[in-house]
Structures are given as C-alpha cells and as structure tokens.
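Please build the complete structure, drawing on both the sequences and the hints.
Protein chains: 2
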Amino acid sequence: MEVHTTQCCILMGCLCLFYPWSQVCEWREPEELAALLDLELRENGEPQHQLLQRIRDVAKYSVKTNHPRFFNQLFAGVDYHALTGRFLTEALNTSQYTYEVAPVFVLMEDEVLSKLRSLVGWAEGDGIFCPGGTMSNMYAMNVARYRAFPEVKLKGMWSLPRLAVFTSQQSHYSVMKAAAFQGIGTENVFKVKVDDRGCMIPEDLGETIELAKSQGAVPFFVHATSGTTVQGAFDPLEPIADICDRQGLWMHVDAAWGGSVLFSKEHKHLMRGVERADSVTWNPHKMMLTGLQCSAILLKDTTHLLKHCHSADAKYLFQQDKFYDTSLDTGDKSIQCGRKVDCLKLWLMWKAVGSKGLEERVDRAFTHTRYLVEEMKRREGFELIGKVAPVIKERMMKQGTMMLGYQPQGGRVNFFRMIVISPQLSHQDMTFCLNEIERLGSDL
Amino acid sequence: MEVHTTQCCILMGCLCLFYPWSQVCEWREPEELAALLDLELRENGEPQHQLLQRIRDVAKYSVKTNHPRFFNQLFAGVDYHALTGRFLTEALNTSQYTYEVAPVFVLMEDEVLSKLRSLVGWAEGDGIFCPGGTMSNMYAMNVARYRAFPEVKLKGMWSLPRLAVFTSQQSHYSVMKAAAFQGIGTENVFKVKVDDRGCMIPEDLGETIELAKSQGAVPFFVHATSGTTVQGAFDPLEPIADICDRQGLWMHVDAAWGGSVLFSKEHKHLMRGVERADSVTWNPHKMMLTGLQCSAILLKDTTHLLKHCHSADAKYLFQQDKFYDTSLDTGDKSIQCGRKVDCLKLWLMWKAVGSKGLEERVDRAFTHTRYLVEEMKRREGFELIGKVAPVIKERMMKQGTMMLGYQPQGGRVNFFRMIVISPQLSHQDMTFCLNEIERLGSDL
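Residue numbers (the working numbering), protein chains in the order written: chain A, 195 to 638; chain B, 195 to 638.
It is worth saying that the hints were derived from the structure and are not from the lab. Careful, some of the hints might be misleading.
[Unchecked claim] The following residues of chain B were derived to be distant from chain A, with all beta-carbon distances above 12 Å: (1) I395; (2) N629; (3) S636.
[What the hints assert, rightly or not] Just a sample of chain A residues kept apart from chain B, beta carbon distances all over 10 Å, derived: (4) E381; (5) A406; (6) M612.
[Unchecked claim] Below, a list of computed lysine-lysine pairs in the DSS-like style, where the Cα atoms sit at most 30 Å apart: (7) A/K550 / B/K516; (8) A/K581 / B/K592; (9) B/K387 / A/K509; (10) A/K254 / B/K592; (11) A/K509 / A/K462; (12) B/K385 / A/K509; (13) B/K254 / B/K385; (14) B/K387 / B/K349; (15) B/K501 / A/K592; (16) B/K592 / A/K501.
For every residue, glycine included, the Cβ atom is placed at its ideal position computed from N, Cα and C.
See below:
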C-alpha cells in the first residue's frame with residue numbers, strides 16, 4: 195500500500211510542475227493559510243486520499259517559482275534535466291563524504307568543480323559544493339584567515355592581531371554574517387565606496403586599507419563581487435587584484451550571481467581578472483537554473499589548504515587502513531559532516547545541453563535585459579517609485595500576476611529589481627512586466 | 195522534446211527506487227568507475243537515449259542506501275511519504291527566507307519545530323532547520339557565545355576573554371569543527387572523560403570546568419550528547435544540567451542521532467532532563483528516515499536570541515514597509531541567505547503515519563538491536579576484530595552483500611559499528627549480518 199501511495203504522490207508532484215498555473219501565487223493571509231493547510235501533527239496517521247489532498251494544497255498555495263513571471267529572487271525557472279538530477283539525488287539519498295558511500299558523486303563533484311575552475315581560468319586548484327552562497331563565502335574567509343594565521347585553528351582568535359576585511363558598500367550581507375559568525379566582528383568589515391553603477395572604486399579600496407592599518411587592524415581579506423545583489427554590478431577585478439598582490443591579501447570574488455557570465459564569450463569580459471583571485475563563489479542555482487541548492491567555492495590553492503583548515507580526522511569515517519585511495523574521501527574539506535549531493539543536477543544538465551547551451555542561456559538573459567531597458571526608457575514615470583512601490587507590490591501579490599521585488603538603496607528611494615533568468619522568457623514578458631507595473635500603479 | 199525527456203528521466207529515477215537491487219553496492223575501482231561514467235562535460239549536449247543511459251549508470255554504481263542491509267551510516271532506508279515530500283520540495287524550488295516567497299513552508303516549519311520542541315518538553319521557544327547536524331551544533335555554540343557576550347557580533351573575539359567549551363571524549367567531531375570555524379580554537383575544547391558505555395562522567399565535567407578556570411579560561415558552553423556517533427551512548431543529562439545551572443553555562447544537547455527516542459514512551463527516559471537544556475540538535479534524517487537533509491536546532495529561548503545573533507537586516511529581502519506581518523520573514527534567524535526547505539518531507543511523513551507510527555519505528559529499532567546483541571553473545575569470535583576488520587570490510591564491499599562501518603576507539607582496536615534504522619529490517623537481516631561477518635572472515 196505504501197508503494198501505491200507513493201506512486202500516486204510522485205505523479206501528483208510531477209503534475210504540479212506541468213500544470214499550467216495561471217497565477218504566480220495565490221495569496222492568502224497567514225492565519226487563513228494556516229487554517230486551510232491544517233498543519234497540526236497528530237497522534238494518528240491519515241488516509242491516502244487526505245494525503246493526496248494535502249499535496250495538492252501545498253502545491254496550490256506555494257509560489258510558482260518556475261512561472262515565467264516570477265522575477266522576485268536571484269533564482270527562477272526550471273530546467274527539466276537538472277530537476278531529474280534532483281529527483282535522482284533524493285532517491286539515492288547519500289552523503290558526499292567518502293568514496294565508499296558516494297563513489298559516483300565523489301568523482302562527479304571533482305569533474306564538475308574542475309570544469310568550473312577551468313572557466314575561471316585555473317588549470318588546477320581545489321573546491322567544494324556548499325549549502326548556499328553565504329556558506330561558500332564563509333569558507334573563503336575562513337581559509338584566508340587560516341592561510342595568514344594557521345595557529346587560529348588550534349588557539350582561536352586570541353593568538354591573532356585584530357583582523358580587517360574589505361568589501362564594497364553594495365556587497366551581499368553574507369560578508370557581515372561571516373564576520374560575526376567567525377568571531378571577526380562586523381565592525382572589522384570595512385566598506386569600500388562604489389561608483390554610480392554600484393562597482394567598487396579601487397582607489398577607495400587602497401585608501402580604506404591604509405585607514406584600517408592606521409587603526410591598528412591587520413588586513414587579510416578582500417571580498418569583491420561579480421554581480422551585486424541589487425544592481426548586478428561587477429567590481430573591477432584587475433585593479434583590485436593589483437592591490438591584493440601589492441598588499442599580500444587574499445582576494446575572494448563573490449560571483450554567486452554573476453559567475454555564469456563565464457560561460458559566455460560575449461559577456462565574460464565582465465569578470466576580467468578573475469583568474470587572479472584566490473577563491474571564487476559561484477551559484478549555478480541562480481542564473482543556471484539547477485535548482486536550490488547548488489553553490490561552489492572554488493580555490494586556486496594546490497596545497498590542500500581547504501582540508502588542513504577544516505579537517506578533524508574522525509576515525510569512524512576516515513579510516514586510514516581503508517582498501518582504496520583515501521584521498522577520495524573528501525569529507526574533511528567540509529565544515530559539515532553529512533553533506534548533500536549537489537553536483538548531479540548540474541552535471542546532468544550540462545551533459546544535456548553542453549557548454550554551448552549554457553552560453554546561449556546567459557546571452558539570452560542579457561538580450562532580454564537590454565530590451566527591457568530600452569522599453570523602459572521609452573516610457574515615462576519609471577524613474578522614481580518611492581512610497582508607491584510597496585502599494586504596487588501588495589496589489590501584484592494579491593492579484594498574483596507576477597512577482598518582483600523592491601528596495602531602497604544608498605540615497606535612492608524604493609525601486610523595483612527586475613531579475614531576468616528563465617529560459618522560458620520572451621520579449622512579451624518584458625513588455626507585460628512594464629505594462630503591469632503601469633496598470634497596478636495607474637491611480638497612485 | 196524537453197518535457198518528453200524529463201518524463202522518461204523522472205520515470206527512470208522512480209524505477210531505480212523500486213528496482214529490487216540484489217546488492218548494496220556494485221564496487222568499482224575509482225579509475226574504472228570514472229571511465230564507465232564518462233564524466234567529462236563537453237561543448238555540445240547529448241541525445242536523449244544517452245542521457246537515459248547516464249541516469250541508469252548513476253543509479254547502478256551508486257550505493258543503495260535504502261537497501262535493508264545498508265548499515266554503514268547513521269542514515270538508511272527510505273520512507274516513501276518523506277520521499278514524496280522531497281520530490282515536491284524539489285519541484286517547487288523555493289527558499290525559506292520570507293513569507294512572500296515560501297508562505298506554506300514558513301508556516302509549516304513553524305509547526306514542525308513547535309512539535310519537536312513539545313517532545314523536548316518546551317511549550318515555547320525558537321529554532322530553525324539547518325543543513326546538517328554540524329551546522330545545528332555550530333548555531334548552538336554561536337548563540338551561546340552571543341548570549342554570554344553580545345559584543346562579539348560587532349567587535350569580534352578580541353573583546354572577549356579566552357573561552358572554554360566542554361564536551362565528552364566521544365562527542366561528535368563537529369564540536370572541534372565549530373570551535374575552529376568560529377574562532378574559539380580546538381585547544382579551548384576541553385574533553386570530559388566517559389565511562390565504559392561511552393557516557394560523560396558528570397564529576398569529571400565539574401573538575402574539568404575548574405581546571406579550565408584555573409588556566410584562565412572562561413567556561414560558557416557544555417555540549418552533551420544523546421546518542422554518540424560510535425557507541426550510541428546517552429550522556430546523563432540531569433547531573434549535567436545541575437552543573438550548568440550552578441555555573442551559569444549554556445547547556446546544549448547534541449541529539450542528532452538519539453533525539454528520535456523522544457517519540458517513544460518506552461525509551462525516552464534515555465534523555466531524561468533534556469527539557470533543562472538551552473538548545474537541542476535533532477536530525478530526523480537519521481533515525482526517522484526523512485532523507486538528507488533534515489536537521490533542526492531547537493532553542494528554549496523566547497527573547498529572539500537567534501535573530502539578534504544572526505540578523506543582518508538586508509533591505510532587499512526584509513523590507514519594513516511590507517504589507518504583511520514581517521515577523522514571518524524568518525530568514526534573518528539563519529546564517530544562510532537562501533535556505534532549502536527541509537520541513538515538508540518530515541511534515542508529510544508525520545501526517546501519514548502519525549506520532550504513533552514514528553514511535554513504533556523507534557521501538558522496532560531497539561527490538562532489532564536487542565535481538566542482535568543476544569545473537570552475538572551466543573556466538574564466538576565477535577569480541578575483538580582488530581586488523582581483521584579492514585579485510586572483512588574490503589571483501590564485503592567488493593561482494594556488495596551489505597555495508598557496515600568499522601573503527602578503533604579509545605583503547606579498543608577496530609570493531610564494527612552496526613546501525614539499525616530501516617523499517618524494512620527483520621530479525622533475519624540481523625542474523626544475516628552476523629553470518630556474513632563470519633563467512634567473510636572465516637579464513638582469517
């Protein structure tokens with residue numbers, strides 16, 4: 195019976211995907227939704243027809259992030275090959291720590307990471323898949339600290355001078371989270387000025403480093419960004435690399451969002467100089483549509499820093515008297531113990547469409563964006579939105595016609611952030627989006 | 195065409211699950227396996243029949259962790275309801291940070307966490323799902339540090355005295371990883387002695403705390419274990435809580451493995467006193483079979499420590515002028531930004547079998563274990579395995595009949611660690627396991 199239920203359930207899950215949802219979301223107030231879903235967990239189990247209804251409800255009231263008009267986050271859309279990889283990952287249910295328990299995935303992760311590194315411009319190096327870009331950025335900061343002060347692992351921060359981290363005013367908030375979590379402190383993150391487009395100003399980086407030193411702090415880590423979260427800006431990597439070289443600092447590039455431009459011959463110039471970095475964060479679950487989660491931290495290092503920094507040599511997992519090459523037991527590179535398999539979805543999609551197919555997706559997203567900008571310039575009233583944005587957003591959500599985020603930034607009042615990823619998108623969707631903002635705000 | 199491929203692929207994925215695999219694994223040497231899989235990623239995509247063959251290969255050479263004779267890790271088996279929840283999670287592909295983008299899952303996570311807390315014995319509190327038990331343990335250590343020294347978030351460790359962490363000699367290695375990652379240093383983790391069964395000796399905890407103080411360190415965190423990784427020991431929580439109370443220390447219980455005994459009226463006494471802890475790690479992906487990953491950190495705290503400790507107030511996600519109750523935007527409790535949905539699989543399984551069904555699973559696992567111990571006592575030659583274990587293990591893997599891990603510990607030479615979880619297991623499997631070890635090692 196159990197298997198029968200499952201087959202129905204799996205079928206339902208698949209149907210949810212192919213069902214032509216007309217709305218991006220079916221908004222309900224929290225109290226109403228809680229009552230509709232009947233969330234309470236009870237002593238006794240439920241019959242099959244009720245479970246099937248629950249699955250339908252979960253799908254119905256969830257946001258359709260694979261709807262072409264979901265522009266709300268830095269992920270969207272569905273790639274069916276990647277989705278197959280995700281289903282297979284779930285079905286095989288294993289952890290990535292040893293060759294013994296994940297033979298296929300240990301070798302596959304190695305291949306995928308090596309291919310991503312080659313796009314960065316590195317013939318060798320190291321890396322690992324992490325649960326999201328923030329974790330990848332944290333790995334970079336931790337390995338950089340360990341390279342500069344290996345005694346930190348044993349003795350903690352008390353053996354170190356006060357450290358300083360540098361990043362732009364518009365970098366992702368994970369830099370602050372990392373500094374807090376790793377005991378460095380958010381006060382020791384120095385914010386470098388950006389230009390109008392949101393790109394770090396290298397001259398200001400130089401000055402900020404001198405400022406930190408004059409305050410007695412020891413610079414060790416520069417966190418540049420390729421594709422900032424709100425404006426999508428690419429920091430100028432060459433001049434930043436010059437400064438890092440001169441000062442002997444670890445250069446990290448957070449390309450969680452922007453990294454995928456490296457697939458494109460036309461757009462990879464945005465990351466010129468990335469091969470000079472020490473580490474790169476790259477989330478294929480964003481622009482590449484592999485599905486959450488798929489984030490890699492890539493390192494240029496060939497001295498096993500990642501393993502030395504994070505190893506704990508647990509004897510029950512990493513026995514040294516094993517009958518195969520234990521360098522394949524990559525679990526000690528990770529700060530996690532069990533680690534989800536995140537490589538299969540990307541590998542299968544890449545096999546299916548080839549590097550060329552991935553390149554086309556990136557190029558298409560840029561084409562749509564260019565079209566959108568041109569269209570917007572031709573219309574009036576799109577410059578400042580301010581207090582009107584939250585009202586337009588509320589109407590948008592309640593009508594469920596599309597999803598688009600807004601925020602203020604720096605001196606700017608609220609504005610909408612349009613994210614163009616999904617390969618299902620057309621120019622018509624771009625036009626729809628502008629028309630819809632006009633329609634929703636016409637009386638404001 | 196894409197959809198057609200997918201449907202075939204999905205079907206294949208499901209077939210892999212129901213296919214009656216005779217072997218737990220089909221061992222291949224790494225070089226041979228790499229060649230068989232043809233891992234290389236190329237410029238051009240591949241035709242459908244080749245993709246289908248790739249999916250078959252991935253399944254064929256992966257370890258069948260849902261085979262009843264996979265005893266190798268602290269996870270095993272498959273629950274088909276949980277699996278349905280995992281497929282649905284993948285299909286809906288969202289992140290858990292705001293009500294806007296994950297309305298169903300924000301409410302559902304809240305309900306599941308609340309139910310887990312009530313089993314711990316707390317009527318209120320806080321918590322979050324994390325990518326694995328190590329991360330959950332790290333959260334506990336970080337929140338404890340923040341409660342004791344809130345200035346650490348801003349100023350880093352330089353504003354703090356040297357800290358000391360306490361855990362048993364047989365606790366999980368994630369304590370060391372956490373101390374290293376968070377800038378506390380592994381040297382500041384004090385190891386408390388254990389008795390023969392592997393349980394922390396409370397008197398030694400008291401003495402070790404005094405020792406740390408005499409060395410000028412400031413104790414702040416006691417990490418107890420319910421269900422150690424190798425011996426499955428439960429630390430005595432009542433006397434540990436007495437000491438933590440007296441000394442004003444944060445008491446954390448790592449019940450990643452053992453937590454699920456709280457479902458069982460018969461076995462929950464093993465965690466007597468857990469309600470006195472400040473935080474508990476509990477991984478339903480282990481004994482409860484929800485599938486990787488499903489790990490919760492639960493807190494007794496009701497003052498929003500979790501949020502204060504980890505928040506970064508990103509304006510593009512957590513706008514304060516939203517049209518709904520922004521306390522539902524739980525993303526700032528997390529150190530991650532995007533966070534996978536881990537609640538649905540547990541919720542759906544719980545709905546399907548009820549608390550009663552989960553209790554039965556725990557009780558059944560204990561019954562099997564008791565049977566195994568009795569059987570083992572009746573046989574000779576099972577006391578010391580030593581250098582024989584790696585050879586038996588190699589033969590076991592190459593024949594693929596079952597999977598079972600071994601390790602040395604403390605003064606003990608190599609021994610096999612038997613993990614009994616899967617609801618598909620019978621007494622016959624226990625007998626098989628013992629016979630198989632005898633067979634594989636008969637000539638040694």
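Hint by hint, where does the structure go against what was stated? Just the numbers, ascending. 4, 7, 8, 10, 11, 13 and 14
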